[in-house]
Amino acid sequence: MDDMSNDAPTATTPTPREAAAALDLAARSTARTAGIGHRWVRSLLLAWAAMTIAVVLLVGLGGIPGIVIGSLIGPLFGGTIAIWAARQGIRARSLNGRYLLAVVLWAVLYGATLVLGLPAQAGNLAYWLPAALVTAVPMVAVALLPRHAGRTA
Amino acid sequence: MTASHPRHRLDDVIHSPVRLSVVAALAGVEKADFKSLRDAIEVSDSALSKQLTVLEDAGYVEITKDRVGRRPRTWAALTPSGRTALTGHLQALRAIAEQQLPPRVADV
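Residue numbers (numbering that gives the first Met the number 0), protein chains in the order written: chain V, 0 to 152; chain F, 0 to 107.
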């Protein structure tokens, strides 16, 4: 009987209703921060994708002025988003792996697009438009992937 | 004394609603700065500061500092032991919530 009495709920033991409320509170807290962390990363990646399309089209179709302007816009945009990202107050979980994968794929596609296109396809919309869209795919794909499961445990 | 009742697995440190909110909020991210965490769980600066100190003393949260330009920024991140404690606490809460709930009307 002692064991049973010791094991009985006490005044500090949450009732089932209180336990359920605490679980709900925890789930909402986790979802809120995870959502904020995911949203700004998604915005960054989609902006990066849009800028990629613009720069590739500018470089491929704009002649020498396009190459010059594209070369200026790229680093300017990169610097701006780096500062913006550094100011964000929540770092999403699993960001590093996905982000790194997207950046590596993007860099390979971007480099290949320019190396293959600039010598032989300058001004050819049939090459540069699909190339620009394909180059943006890694950023869009990672941005639209479901976020890391926002479970508390 | 037996430890069969799930209340024995509740964690005293994170039993407080604010501290539970803090560790749960941090469980969903790699880290969060003080302002974002305060806004997410809707507490005052002083309340969050106090609870973060308790959690840091318990080894559940790691506090680091850096700067954005000239402005100092405080980051909080859940430690592995904090994550383990949260997992155990939530499991205990689930057990209490599920095992002791009265049967639904449809089940009677």
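Hint data in this document are derived by calculation from the structure and do not stem from the laboratory.
The structure displayed is predicted, hence computed values, not measured ones.
Treat the hints with care, since some could be wrong.
Distance windows between CB atoms, simulated [what the hints assert, rightly or not]: (1) F:S43 with V:I68: 45 to 51 angstroms; (2) V:I68 with F:G87: 42 to 48 angstroms; (3) F:R66 with V:A140: 30 to 36 angstroms; (4) V:P129 with F:G68: 40 to 46 angstroms; (5) F:D56 with V:T11: 17 to 23 angstroms; (6) F:R93 with V:W83: 26 to 32 angstroms; (7) V:G78 with F:A46: 23 to 29 angstroms; (8) V:A84 with F:I62: 17 to 23 angstroms.
Where is the CB? At the ideal position from N, CA and C, for every residue including glycine.
For each hint, the structure was consulted:
1. F:S43 with V:I68: 45 to 51 angstroms: For V:I68 against F:S43, whose Cβ atoms are near 49 angstroms apart, the range 45 to 51 angstroms holds.
2. V:I68 with F:G87: 42 to 48 angstroms: violated, 57 angstroms
3. F:R66 with V:A140: 30 to 36 angstroms: holds, 34 angstroms
4. V:P129 with F:G68: 40 to 46 angstroms: With Cβ atoms ~41 angstroms apart, the hint holds.
5. F:D56 with V:T11: 17 to 23 angstroms: holds, 21 angstroms
6. F:R93 with V:W83: 26 to 32 angstroms: violated, 39 angstroms
7. V:G78 with F:A46: 23 to 29 angstroms: violated, 38 angstroms
8. V:A84 with F:I62: 17 to 23 angstroms: holds, 22 angstroms
In the structure shown, a violation is registered for the earlier hints numbered 2, 6, 7, in ascending order.
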